[in-house]
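J.: Start from chain A and add chain B according to the hints.
Protein chains: 2
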Amino acid sequence: MRATKVHFASSDSADMYYMVQCRIPDPFFVIDSGREKKVFLNVLEIDAFRERNTNDTFEVIPVEPLMKKAKAIDGKGSRAAKLAYVIFEQYDLLKKEITVPREFPLDVADYLRSKGAVLNVSHPFIHERATKTAEEIELLRENLKKTTKGFELVEKILRAAKIKDDSLFHDGKELTSEYIKDEVEKSLFLEGMEDVEGMILSSGKQSAMPHHKGEGSIKPNTAIICDIFFRDRKNRYFGDMTRTYVKGTPTEKVRQMHETVKNSQDAAFAAIRPGALAKHVFEASAKAIRDAGFDVGDKGYIHSLGHGLGLELHEAPNAGPNSEDVLEVGNVITIEPGLYYPEWGGVRIEDVIVVGEHGVENLTNYHREYLIT
Amino acid sequence: MRATKVHFASSDSADMYYMVQCRIPDPFFVIDSGREKKVFLNVLEIDAFRERNTNDTFEVIPVEPLMKKAKAIDGKGSRAAKLAYVIFEQYDLLKKEITVPREFPLDVADYLRSKGAVLNVSHPFIHERATKTAEEIELLRENLKKTTKGFELVEKILRAAKIKDDSLFHDGKELTSEYIKDEVEKSLFLEGMEDVEGMILSSGKQSAMPHHKGEGSIKPNTAIICDIFFRDRKNRYFGDMTRTYVKGTPTEKVRQMHETVKNSQDAAFAAIRPGALAKHVFEASAKAIRDAGFDVGDKGYIHSLGHGLGLELHEAPNAGPNSEDVLEVGNVITIEPGLYYPEWGGVRIEDVIVVGEHGVENLTNYHREYLIT
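Chains as they are written, first to last, in my numbering: chain A, 1 to 373; chain B, 1 to 373.
Next up, chain A with everything else stripped away, as it sits in the complex (with noise of 0.2 Å):
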């Protein structure tokens, strides 16, 4: 039998949203023992979710007479750690072994234990996550053609944009990651999607650091980095996407780089199956980039080759060097190798695949093209 799970968290966090498929605020009590869930809301929640929720899934507790005996507790204890303890005796929790996430609070957790409660920490909390239906696929699928809309935006500003000097001009104006970036966000906005972490648009220099937002005037000539990690309002599923471009002339170096950062990407197309090991197809995608005298590790191909995406950025699996996640059907995970030196900047490309029945499908459907004249 599967151990029960308790969580205790507002919609904002992601297994949360997956369990109760609406928006609640404040944290509330979910225990989910596999046959039955039961929510724990109060009097502002409890219409708005009945009204939501038709299909039965949850049994819905008023937790206002908890709350009370909860009050009724002395000693040390936060509110929500006596109302846990209330709702542990009342569902008879405290003899069994119980799964929580590892964002369950701290402090409710310790006093709980200090009831008797065995709590057992899993990670990911919700397995099924990871492992997409077709409807999330759909959504997935639709936030990533949006998120292309953003990439045809910057490419018409790039193309549009005149260089002079070491600048680049549009409309009359310095051109800036800032301008670019706002565009972008506007642009998206009106598509239903959100820029929940912060978009990056980087050039020369800050295009070596993969993590840099970018700042300042777009150089022509280098490597811009163009990363758009969107949220859809409504949905709540990301896009995630990257592309690099150069407006102008690129150093022989940066065509290398593109070239062999593309060539690694397909190794890695090449390289999901159901059934293998993640750190495989990582490997894949390194063994291109050494292949073709670049390095991975310390410089280089500098970070892991992509993370599962869904309600979070980053959830499982996670497509790293020392990754122990197997790829099954159904996960969707973005395939990012990129190539980064302070002297010659950065490169990165991303899409992101679904792992199929015989391999590879890729959501993001869209040209690797990065000259722009």
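These are calculated hints, taken from the structure and not from any lab test.
One copy or two, either will do: identical chains are not told apart, so a pair holds if it fits within one copy or between any two.
Calculated cross-link-like contacts (lysine to any residue; reagent style SDA-like; alpha-carbon spacing at most 20 Å):
#1 Lys146 <-> Phe189
#2 Lys115 <-> Ile73
#3 Lys69 <-> Gly320
#4 Lys279 <-> Ser78
#5 Lys234 <-> Gly198
#6 Lys279 <-> Asp291
#7 Lys234 <-> Glu194
#8 Lys76 <-> Lys115
#9 Lys213 <-> Val43
#10 Lys76 <-> Asn120
#11 Lys76 <-> Ser122
#12 Lys76 <-> His127
#13 Lys299 <-> Gln256
#14 Lys186 <-> Arg233
#15 Lys68 <-> Gly320
#16 Lys146 <-> Met199
#17 Lys213 <-> Glu343
#18 Lys213 <-> Gln21
#19 Lys146 <-> Asp182
#20 Lys213 <-> Pro27
#21 Lys253 <-> Glu369
#22 Lys71 <-> Val296
#23 Lys234 <-> Thr176
#24 Lys68 <-> Gly300
#25 Lys115 <-> Glu97
#26 Lys205 <-> Leu44
#27 Lys162 <-> Thr249
#28 Lys186 <-> Arg236
#29 Lys76 <-> His123
T.: Just chain B now, with coordinates in the frame of chain A:
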């Protein structure tokens, strides 16, 4: 001497963002011993962090060498847990009492404790966050000024709308909650605000459920609750504000409720001073409700008076009936009494105030007129 604080989270955690003042997407460790702060970052983040934090508050420590040691540790335990242990060993934290936030990952806490660490949970983790600096107050004032533009827009749409039978019409179409929310979201987006939690625009029966987001056609001659709690995309602080309107002719009950809620809010304003117990301020707001013949508790005024506002929508101090918080100069809190009856509808009015030396400073400064003809 203050206990050493340790945190492990991404900058999505408000505490973490408050400490590092920049956005870092993946979880990282911080040690704060009061006099000195250490931040442990990977190569992807380190340069970008140094560029932004030029004031040397932090010693920046590359995490990769520690990660290598962590990987060499045998036995069960997540990567983060083993890394935490390596850091605790290296920086002599195993022999000290350490304070962690309640969202410190439970698996990491369990692992550290199994190695002898003493971890105490403190909530709130950073008490200073509850008393805002002059700079933070200016950000919040600015955000609220932007938020009021949303209300101006709502009023403009409602004024322009025509009543026909039981519906409102605007630009020839039936006016819906969704339409107004979309317009407000787009308009405030251009002001730099994002709707991370989902604004409320509810009318008729929906207005009687305080957390109902509102959907479908907007009902004339009923209470229309508009609650806008957007976050500024750059400064990361929230705004939060509510007004209740009636388009057309209010019922006598709604008229009384609106008058009463306004008086309740005024009573709360008058009761606020440094040193006051937050629950006594709640009680002042509740007395005004009871004096007018309405209910407090299970029906009527069913929620708390308000909450601290800052990097989180709900933070310390709490102004509910059971709060033990004592108001201090610099607290920024919402003052939002409300009345809710399924048969009559709901009314809520919400401003944001700062607790000053001599009482309240209202950061909202917006009219409370509710009739729109």
